[in-house]
Every structure is written in structure tokens, then in C-alpha cells.
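Let's have the full structure, built from the sequences with the hints guiding it.
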Amino acid sequence: MSSETKQILTTDGIPLEVSLKKAEKKNKIKAFLLVAPLLLFLVITYVLPIGEMFSRSIDDKMITNMLPKTFKEMETWDGKELPPEEVFAGFYYDYKALVEKQEHGKLGQRLNKEKNGFNSTTKRLFRNIKRKKIDESISIKEQMIKVHPNWNKVEYWQAIKRTAPPYTLAKYLKGMDMYYAPDGSVAQVDEDRRIHRILWLRTLEIAFFVTLFCFLMGYPIAHLLATLPMKYSNLLMICVLLPFWTSLLVRTASWMILLQQQGIVNDFFVMIGLVADDSRPEMMYNKVGTYVAMTQILLPFMVLPLYSVMKTISPSLMRAGKSLGGTPFVAFWKVYFPLTIPGIGAGCLLVFILAIGYYITPALVGGASGTLISNQIAFHMKQTLDWSFASAMGLMLLSGVLVIYWIYNKLVGVDNIKLG
Amino acid sequence: MSKNPEFVKFDKVDKSYDGKVLVVKDLQLDIAEGEFITMLGPSGSGKTTCLMMLAGFETPTNGEILLDGNIISNIPPHKRGIGMVFQNYALFPHMTVYENLAFPLRVRKVEKDEIDKKVDKALSMVSLNGFESRMPAQLSGGQQQRVAVARALVFDPAVVLMDEPLGALDKNLRESMQYEIKHIHESIGVTVVYVTHDQSEALTMSNRIAVFNDGKVQQLSDPAELYEKPVNSFVAEFIGENNTFNGEVADIDKDKCKVKLANSEILANPISVKSKGEKTTVSLRPERALINPTDKMDNMFTGKIEEVIYHGDHTRVRLNLLGSSEFILKVPNSTSNLELKVSEDINIGWNSVDARALDPK
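Taken in sequence, the protein lines are chains A and B.
So in our numbering, spot 309 of the first sequence is number 309, and the numbers just go up one at a time.
All you need for our numbering is the position in the second sequence, starting with 1, plus 1000.
Quick caveat, the hints were computed from the structure, so don't treat them as lab data.
Derived DEER-like restraints, expressed as beta-carbon distance ranges:
(1) A/14 with B/1176: 40 to 50 Å
(2) A/369 with B/1114: 55 to 65 Å
(3) A/264 with B/1018: 37 to 47 Å
(4) A/39 with B/1108: 49 to 59 Å
(5) A/233 with B/1204: 38 to 48 Å
(6) B/1004 with A/220: 39 to 49 Å
Partner residues aside, some chain B positions facing chain A, computed with beta carbon under 8 Å:
(7) 1057
(8) 1077
(9) 1084
(10) 1088
(11) 1092
(12) 1093
(13) 1107
(14) 1108
(15) 1151
For every residue, glycine included, the Cβ atom is placed at its ideal position computed from N, Cα and C.
So this is what it looks like as C-alpha cells:
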């Protein structure tokens, strides 16, 4: 077929593709200008902050900037034995410059995190510099070792070298309860201090179960919504949406009223004799509270995508399934259910992703055993002011969500999602 | 095997959805085994409700439905063994053509080899071999319709119900599918209950037609009789074209009656009028009135041509006759056709036996 490969020309002899592009160009520019404000908004409010978060989470430039000469000399040092004279001299001049700018204290603190004892070691050097006891015309190495014997230990120099790169993954390791050991390898923190890993697992567990509960409760509701006559389904829809119109804080607070030990639910249990008055179960400030409150708050996010998918399934399909001899269950399982999978996927993904980053509700009703990783992030943002660690954990959460999204895409296919 | 004349029986069936209005009123209908019966009627006449009651998706408010002598009102749809073709095909969109056809066999736990054989046979019946692995969305409307028919037949049901199955197809396809369904019915001899509001479809396909209106069967008869001998003015109006005259019976004997119109009198065939003075609507098919009739006809009048519309195989002529300007004539086109010109006067005649005096509208 030669005619297919031949370039097609318009009546004026211009190649068709060129002509088409020219004709479409104006529309494309118009379309782009229309979305440009949103694009700009997204870049400013989304891409830039995430980039900033990322750079903050791996930033370790402070020492790199403080000790430029040292690190330059260290490039040729193999790091196994005590460094040569030039490295000592480099550190000395760097440190002297810091002393003049009165920034030496920060360096000592930062290095002390890397290796205990650094603070006192550098302080002694500081005093000697202040008193001008170091003679710059003879070997600085020998004089420094005389000032403090630690300078004669290779571990201390190794610790400095470790801080050389301007970027570090230490915050990420900390988020997974790991750290850089003195020899540069990655080590686990002691078992009784591994708090973050428990939090990650708990976050996943709570998000998973909240998604499951939402699915189990939302599916029948959505089905009812999609099949009821209009006048009833509108009322039910309002009931589903009502939580949306109430402040999140108010809803969470009302759960506190309901669930506390002297609360309405417990009173009811005591009244019907389910539990004794002196052994009222704790339903708040633990996981139970988080489950109950989060399931209720996230339920609409499950119902709405399911509803929008179910609304499009013709009732005649179920009838066809039954008339062809399928029992109501078979007709549901083989015909109706597979057709709702896009809605299930969308609902579950939505609820899971929202749940994994939930903050307010677990903070208020979660207590100690019901808090999530976001609460830890908030803690570091507000209490310890370790923003780079908070950024690192935030990014880990984000990448976790992306991984889940990727797995979901592999299993179900994102083009199968139907949000409405 | 002798055919059971009461294979499906509606016995005094009433149906109401809200307890106030009867959608189906005292339905009495017998359907013979192997018959192709059509329920024809305007929308809202209760025909689809009847079908849904037979399929088991609606319960009769009163009365019983019998299938082969057994009362089926308490049997759920999936145990009735009735095939159904739905209005919008209702093919399962997530299954291939093969899986769609295998569904009724799989739920009946038929062996795999047997399923393959039956699916193949059903597909060849609708000439769709080789489409097994297609998804319904990859088929044209006509092909989807054929898959739906094949699926309703693949498990050899005793009765197949069709709920306006050709409504979504274009005109040419609809006509060819009508013949196809008719031929399938003739070749396998299954009982078919067909619902439509399209009278030409009903006339083409059915052994018998039940005309529904207002929840009642107005007439149940074969297509020719339904067209030629409508028993009331609704049927006459609904099936085919119709010229009507409203008047009063002036004189009546055994097979003729004189009907007094506003300013003239015509002779008619008394169908539902019994006595003098009754109001009546006389119905006359357009093709039964002739221009310049040669043989003696007992109704002869002169009318003025108001409009001439060329229709290819025939010409429609609208006349002002007997005080009504809506009188329609159908004239077959032939070379000897006389020139019809607007505002000319022509002579019209018809036999009183074709002018049926029915109940007043």
C-alpha cells in the first residue's frame, strides 16, 4: 500500500499534518491559557513546597560551609590512619575563622552529635586560640594533639569526614529507627527505643481497617442509594452528606461525648446490663476511638464513588442474571459486584490515602495507642522544632502513598477508577 | 407431542403498584405451546408489566399465572426457566460473548464440553460464529441484539420473553432482525412472548397479537384479522391507518346499518352497535375506498382533493369528504394512474362491509 505511506497534501499543497497543526495552534494556546492560572497555582502551592521539604529533609550544608579548607584537604586522605599535617592545618584555620565570627559553638554541638566528646575537644582548642598559644610557623598537628589527646584519635577525624557531604539521609534513617554508626554503616537503634516503626505499622493498620470498615458499611448504603426511588434516596443522600456540612472538630468532639467512660454509649451499655457500672469499657483515648471516629468521618468518601458507579449499572443486568438462572447471590456476585470494582477501587484508595495522613481525629480521641504518624510529624514541627526530620517523615509518608498508588495501578489499573 | 393450548395462562390477573390504580385489569390470556404471541399497545398500557409478572420480577396483585399447568406466582425468577431478551440487551459488559452465553449454562452446572457445544450452536443460529472472545462493547447494536437473543435461547427455555428488543436499532436493521427472530422461532419452535409498541413489527412476526390499552386486552387475534376486522375503535385507530366518521345509528338490520353524520348518511357494517339511536364511530381503511369505482358500491360520494403526497410505491391523497377534510386515500402508483390534482373533485366509493361501525370514540 504505497498510498498509505505517501504524505497527504491539502489542496494548496501543504502537508496535511503541518496544516492541521497550524489550524489547531490557536485552540491549543487558548486551552493552555485557560489552565495556566491553575498550573501556576499548583506549582507554587504544591511542587515548590514539596521541593523545599525535600531539600530541607536532606540538608546538611552547615558543617560543609563551616569547614571548607578541612574538607578540601581531606579529599586525598584515605580515612584509615591519622590525617596528615595539611588536614590539621585546614581544620585549624577554618576553626580560627569561626572563632572570629563566634560560630564555633554551633560546630562543637553539631560534631558532638556525630561523636561524643567533641564539644570539650573543640572548646579546648578554642581556649588555646583565644590565648594565641598556637604557633602557626611550626607543625599545627603536633600542637593540636598536645592541646587535646582526642585529636590523636582517628575516630574523631572520621566523624568530621562523615559530615563532609552537603546532603545526608540521616533523617530518613531516623524515621525508620536507624542511624549511621561511627564506622559509617547503617545500624538499628536499641529495641526499646524503636518508636517510629511501631507508628508506621500502626498507621498502616488503622488506615487498612478504617478502609475495610468503610467498605463494609458503605457498600450497602451506596447500593440502597442507587436503587431507592428518588424521594427516599435524596433524604438518604443528605444523611450521608450531613457529616460533610459539620466541622470536623465538632464531629470529633461529639464522638468524645458519646464514647467517654461516662458517655452516652457506655451509659446505654450499663442500662441494658451489657456491662457492669464499675467496669465500663474504655472506648476513647485508644485505638477503638480512632477506628470509630475515623470510620464515621471517612464514610462519605467511600459511599460517593460507589454510588456514582452503581447508579450507572442498569437494573436490567441483575434481572438478566436472575432470568438466566442465577440465584440472587450468583447474579450479585458474578454480575453486579464485578461492575462495581471501579467504584470500590476509587473509594478504598481515597479512604486509605486520607486515613494514612489523618491528624486531628487521632490527636483528639486516639490517646497514646491511637495516634498516627502525622501526629508524630506535628510533634516535631511544633515541639522539638526539628523541621528537617518532620519534612523527612512527611516525604516518607508521601512516597508510601505513591507506592500504594503504584501497587493499586498494577493490580486494578488506575484507568479503572471512577470517582464520579 | 401434542401442543398444549394453555401452555402459559394468565388467570384473572390484576396488578397495581400503589393500591390505587390498576395497571393490569382482569387479564385472561392463554398462550399455546410454540406460539409467537405479541403484546402490543401504547406505553403505559400494562404490556411490559404482564411480561415482568411472567418473568417473575413483579408479583400479580390478584389472580394466578400458570406455566404448563403449574402455578408459578411463588417461584422466584431464576427457577422459572424462562429466557428473556431485554430492551437494552442487558449483556454483561465485563464478560466476553462466550462468557455471556455460558452464564446460564454455568449456573446450571453443565459440563464444559456441553457448554462449548451449546454456545457454538446458539451462536451459529444468530450467525455470529467467531465472535466468542469479543466484549459486548466491541459489537454493533445489531450484533449485541443477536447475542442477547442467543443468550436467552442457549439454555433451551420453554418460553422466551422479549421486551421491545428492537427498539434501539435503526429501521433497516430492525426489519431484518424481525425476520431473523421470526425464522429462529419457526426453526426451534419455542414459545415466544414479545412486547412492542410498533404495530408493523407485531404484524410481521406474530402468530397472534394481543392489543393492550388501559390495562386490558382490547383484542386478541391473528394479524390479518386484527387489521381487517378490528373489534373496537381503539384497535382500529392503533393498527394501521384509518378514516373515521362519528355519527348516530339511524337504521339497523342484520348486516347493514345506516349511520347519520352531520349532514349526510352512510351505510356501514354494524359490529358493536345494536340499536337505533346509538352513537358510533365508523372506521374505514384508506385502501378500501376506490376512486371512480367501476363496480357497484353501496357508498358513493364526491370529494375535493386537498393535498397529494407522493410516497414512492403509493400516493396519499387527502380529501374533503362528507364535511371532514381529513379523509385519506391510498392510491397505488402505476403507469395507468390518473392525474390527481389539488382542488379537483373526484368520485369515491366503498362497500358498506368495509365500513365498520364501532363503539363511539
